[in-house]
Amino acid sequence: MLATGAAVTIPLPLLEIMLNQSGTAYAQPNTPVSPLYVTWFFGNGTLPGRWKPARTGSGSAWELSPELQPLADHKSHLTVISGLENKLVVSGLEHPTGSAGATTGAPLGGNAVRAASIDQVVADAISEGAPYRSLEVGVTPATPNGPQDSLHTISHRGPNSRNNPEFDPKAVFNRLFMGTSPAPSDPQAEQAAKLARVRKSVLDSVLEDGASLQQRLGAADKQRVEQHLESIRAIERRLETTAPGDGTPTACSSPAAPAVGKDMQSEAPPAVNTAMVELSALALACERTRVLSFMFSLPAAHVYYRHLAQDMNDDFHDTICHGDPGDQSSQPRVDKGVIYTMRCLNEFLTKLKDTPHGSSNLLDSSLVFVTSDTAWGKTHSRTEWPVLFAGKAGGRLRGDAHHNFPGDNLSKALLTVAQIMGSKATEIGIDAGRVNSPLQGIQV
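Counting from 6, one number per residue, gives the positions in the sequence shown under my numbering.
Hints were generated in silico from the structure; no laboratory data involved.
Just so it is clear, the structure is predicted and the values come from calculations on it, not from any experiment.
Positions of the beta carbon are idealized from the N, C-alpha and C atoms, including for glycine.
Heads up, some of the hints might be wrong.
[Said to hold, decoys possible] Between beta-carbon pairs, the in silico distance windows are:
#1 Pro-337 to Arg-60: 23 to 31 Å
#2 Gly-328 to Val-449: 20 to 28 Å
#3 Thr-431 to Gln-270: 43 to 51 Å
#4 Ser-81 to Thr-431: 26 to 34 Å
#5 Ser-442 to Ala-66: 20 to 28 Å
#6 Glu-133 to Thr-324: 41 to 49 Å
Model the full structure from these sequences, guided by the hints.
As structure tokens, then:
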């Protein structure tokens, strides 16, 4: 950590100087470096006929499907899992029960989940000593109708204990790097002005302290610290010049303004995704947290992808997913929305790969669990549930493979995640979601 004269601490990335000679453990004490975990969630499902790869196998034996093509640069880090069935989907409540099943392995009890979500199971295993047990962020707060617990967040400590995502990049920045975040309803201009002055001066102070630190580092670590500080500065510059909603540049004089950078038109704009991607990567690189929940869009989200094409100016859930004609392979507007979503996921994976972490990078160190609240949105199907693992989890995940498990319980993917991440869990889920064996052939 770098401490500034403004009593603000800026966390450092994991440096080589902190590790043993092999780069697999901390030098003092000699304990293994923990892998990092991300749940990356998107609403409204896929077109299964365009999502599922045509062939199974590893390496050159399989190829990416059309909807997964945006992830081509990361094929060696992808594990596609097809054939799974969410056995907890209830007719008439498909989105909330689907989301709950995909993230907790448990049915709903009324409007509430009945078990901790997978990110919190993982947090129990790897978050000890981290400043934040977990971090929850989102890109678009497009609001569906339905129960708050199961439609408005994917992270739950347990029944009636949800971790709501933060959709304002500026609030995330303040929380992670400024040590404080005024309440959105705070009317005190003096507090806002004070925070603005701190934001203006803190990075210069950090750079002064960093000069002293860099004298004690090797060349690689010195360059890494320089890049890290510049990343923080670049993010702050971007957030200070992003207006609510449309992203029009403006002078943002009040850093306490709650809407700065937030998606106010339910459009999942690229600028908001980029800001959250960069903040998330910094949070993981600095180990402010080891567990992240990234909610690209909510279950049943009424999002509008107007910026994609003229024919996308409709509610993606109601009009496009449910209203457009076609089958599981031929709803062109749904296909556009899913491909855009995967482009945004690709931006996240690319940032992880480009961010050093110890002797490797964040993507090598992480397991990113990608899933949704339904399979085919038009009919709320429960089979061929979209599941994708990205990353290598610190060498624990093979990658570059497509595995098909026809009819297997989706909860097996959750137990697989838990065990890869070091949890001692031997079973997971409740009722029809309960399983006591993981998926085979996924772990190293």
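Checked hints:
1. Pro-337 to Arg-60: 23 to 31 Å: 24 Å Cβ-Cβ, so the 23 to 31 Å window holds.
2. Gly-328 to Val-449: 20 to 28 Å: violated (45 Å)
3. Thr-431 to Gln-270: 43 to 51 Å: holds (46 Å)
4. Ser-81 to Thr-431: 26 to 34 Å: With Cβ atoms ~31 Å apart, the hint holds.
5. Ser-442 to Ala-66: 20 to 28 Å: holds (25 Å)
6. Glu-133 to Thr-324: 41 to 49 Å: holds (46 Å)
Consistency with the previously given hints fails for number 2 only.
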